[in-house]
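Same order as they appear, the protein sequences are chains P and C.
Per the working numbering: the first sequence = residues 2 to 234.
Per the working numbering: the second sequence = residues 2 to 110.
Keep in mind that the hints are not guaranteed to be accurate.
[As the list claims (entries may be wrong)] Sample of chain C residues facing chain P (criterion: CB under 10 Å; computed from the structure): (1) I13; (2) L14; (3) S16; (4) S20; (5) R95; (6) A97; (7) F101; (8) N105; (9) R106.
[Unchecked claim] Taking beta-carbon pairs under 10 Å as the criterion, some of the chain P residues facing chain C (in silico): (10) D51; (11) L53; (12) Q66; (13) L71.
Simulated from the structure, these hints should not be mistaken for laboratory data.
Just so it is clear, CB atoms sit at the ideal spot from N, CA and C, and this is done for glycine as well.
Next come the chains, spelled out residue by residue.
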Amino acid sequence: MILIPAFNETGAISDVIREVRQVMPKTPILVVDDASKDATYDRAKAAGADVLRLPHHLGLGGCVQAGYKLAFELGYEYVIRVDGDGQHDPKYIPDLLKILRQTGCHMVIGSRFYQNNGAHTSAVRAIGIWMFRIVLRPILGQPVHDPTSGFVGVNREALQVFTGSFPLEYPEIEALVVLQRKKFRFQEVPVQMRRRKAGRSSITAVKSLYYVVHVLLGVFVNVLKFEGRRRKE
Amino acid sequence: MTILSLVLIVVILYSVRRSRIRVEYSVSWLAAAIILLVLSRSPGAFNWIAEQLGLTYPPLALMMLVFCVFLVVIYRFSVVISDLKDSNIAMAQRLAIVEFHLQNRNEER
Chain P
2 MILIPAFNET
12 GAISDVIREV
22 RQVMPKTPIL
32 VVDDASKDAT
42 YDRAKAAGAD
52 VLRLPHHLGL
62 GGCVQAGYKL
72 AFELGYEYVI
82 RVDGDGQHDP
92 KYIPDLLKIL
102 RQTGCHMVIG
112 SRFYQNNGAH
122 TSAVRAIGIW
132 MFRIVLRPIL
142 GQPVHDPTSG
152 FVGVNREALQ
162 VFTGSFPLEY
172 PEIEALVVLQ
182 RKKFRFQEVP
192 VQMRRRKAGR
202 SSITAVKSLY
212 YVVHVLLGVF
222 VNVLKFEGRR
232 RKE
Chain C
2 MTILSLVLIV
12 VILYSVRRSR
22 IRVEYSVSWL
32 AAAIILLVLS
42 RSPGAFNWIA
52 EQLGLTYPPL
62 ALMMLVFCVF
72 LVVIYRFSVV
82 ISDLKDSNIA
92 MAQRLAIVEF
102 HLQNRNEER
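One chain only, chain C, in its complex shape (with noise of 0.2 Å):
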């Protein structure tokens, strides 16, 4: 799990770099690989965070937890997605909206 996460690390901010993707949404993806990081080194936050879970299987616990860990991102993805899909709807109205009346001008000469 340390060279995924470090992978991970890698690939966002070489992502970040190219601009393919944007500086506030790498910022879940590095936190998620932080955090990942951080369990991978530290086995007695790893065996704690199992045990307040009730998971005693360590595989099991480690992919529990990664699932959560990207649960959260995929949440945070889908805010944004709703929110791009609202201005994207308002934008499409308005444009319609403009071009109705510009229509009209045009017809009116």
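Chain P extracted, bound-state conformation (with noise of 0.2 Å):
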């Protein structure tokens, strides 16, 4: 299934979809509406999408984690999130699907920066993901490149694990430390991301200071979680 949690992206959802569908023509499409305040709902039916429709703002991890829900209860072996805005490239899924069917690992990450593949992004957003590779490597036992994004693929034991336990907010970086505690593997794939095609990024300049903040604590908390969890064992 392909799962694209969207708010408010009248302008480019009905796009996102039909690019998907181009790629991937016979997979499930699902739009989670975020209770989207235009005619992304609308603009989703009439692209052909399967929608869930949430009855109040949940942000983006209430969001996928409730598609994650249902894909979880339809019996879907794989996930592969694309965002609502555009910046994800369709094109790109057959490679995370690839990796996750053959590799056996359980999630797996579309990275800007796996590979030095030329991506470029602003000079704050720059220092950001440094410092949380910085922060997730020791965690995680390995480099991630791309913490931040959120084009990822997850197999069904992933989708088990999130369905009970997701960050609510700004999910990417927490989720993968969610994983590390239950000894889950994850791979980064090369992409290249696009501009949002509409609407605006719900990270604004002083939201970024507040999602430094926010996501270092719950990395750190679950830090906690899964040492108390080791301990007990």
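Put the two chains together into one complex, using the hints given.
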């Protein structure tokens, strides 16, 4: 299943669904509408996707988790997340799926910075990503080049974990730590990302600082949970 | 502080009676009010606690004690709010999924 979380993405959602369908014509597409105030729901339905409509705004983490819960209930083995703003290029979906199927890893990340594929980001975000890489390296036991990427695929085991425990705000980084607690494996696949097709990012300059503090605290708490459980064993 | 404590106790009991707050949440407020009442009627206990905290200026000691007591109450409510938020999110997700299944069933007909 292709999972597309969307919040106020009227301008991009139809194109995203169409592009996904071109690459994966037989794979079900589920848009999770996080209580958008615009025509995201109608556009997604008109484009032929299934739409899970949340009764009120939960944020990205709650939205993605809702999609994971439904995908698990419906019995899907693999779920690839493609954001509804058009930044994730669907042409890389087969690459993510191939890694999940062939290597047996539990999560695959479409990474902008893996194998130096020339990706660029703003200076502030670059510093943030560099900092998260340093923090995560000892926790995960391996380097992760793009910890903030939302272009991820998960297998059914990871799905089951995420239905019970999934970070509700800024989930990308903490999700890695949640999986690490279960000793699950992840891999990265080089991708190139695009600018969002329409709308605005929810992470503003002011929210960036809150994002950093929030995520670091979340990582720290998840590590404590992991250490606590390990000591009990 | 005695009057404040008594007023707080009366307000809390009245609120519980009128079902404005749940009984389990009134316990924190009543405990805080009773602690303050006891301290206000027992200068010895109050002075001992102030001494343990290293505070020699009585008004400051009083403020610190009141602050600490209400800090505990506010923390308890943060725990309650967090639980409520988790439940709310889970319920919203469940509702969306149920509606999804219902809609699919209707569309199949």
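**Report entry** Restraint check, 10 Å cut-off on beta carbons, for L53(P) near chain C
**Finding:** Constraint on L53(P) satisfied, holds at 5 Å.
Query raised in the report: When the nearest CB of chain P is found for N105(C), is that gap smaller than 10 Å?
Result: holds, 8 Å
Query - Closest C-beta approach of L71(P) to chain C relative to 10 Å, hint status - result: It holds, given that the least Cβ distance between L71(P) and chain C is near 5 Å, below 10 Å.
Query - Residue hint Q66(P), partner chain C, criterion CB-CB below 10 Å - result: holds, 7 Å
**Report entry** When the least beta-carbon distance from S20(C) to chain P is tested against 10 Å, hint result
**Finding:** Since the shortest Cβ distance to chain P is 26 Å, the answer is violated.
Query raised in the report: Can the hint on R106(C) be confirmed by a CB-to-CB distance to chain P that is less than 10 Å?
Result: violated, 13 Å
Requested in this report: Grab the minimum C-beta distance from R95(C) to chain P and call the hint holds if it beats 10 Å, violated otherwise.
Outcome: holds, 8 Å
Query raised in the report: Hint check: is the beta carbon of A97(C) less than 10 Å from a beta carbon of chain P?
Result: With a closest approach of 5 Å, the A97(C) hint holds.
Query raised in the report: Would the hint on F101(C) stand, with a C-beta cut-off of 10 Å toward chain P?
Result: With Cβ-Cβ at 5 Å, under 10 Å, it holds.
Report task. Hold the hint about S16(C) up to the distance rule: shortest CB distance to chain P must be less than 10 Å. Result -> Hint on S16(C): violated, closest Cβ of chain P at ~28 Å, above 10 Å.
**Report entry** Restraint outcome when D51(P) is required to lie within 10 Å of chain C by C-beta distance
**Finding:** D51(P) check passes; min Cβ-Cβ to chain C is 8 Å, inside 10 Å.
Query raised in the report: Hey, does the L14(C) contact hint survive, CB to chain P under 10 Å?
Result: violated, 35 Å
In this structure, the earlier hints numbered 1, 2, 3, 4, 9 are contradicted, and the remaining ones agree with it.
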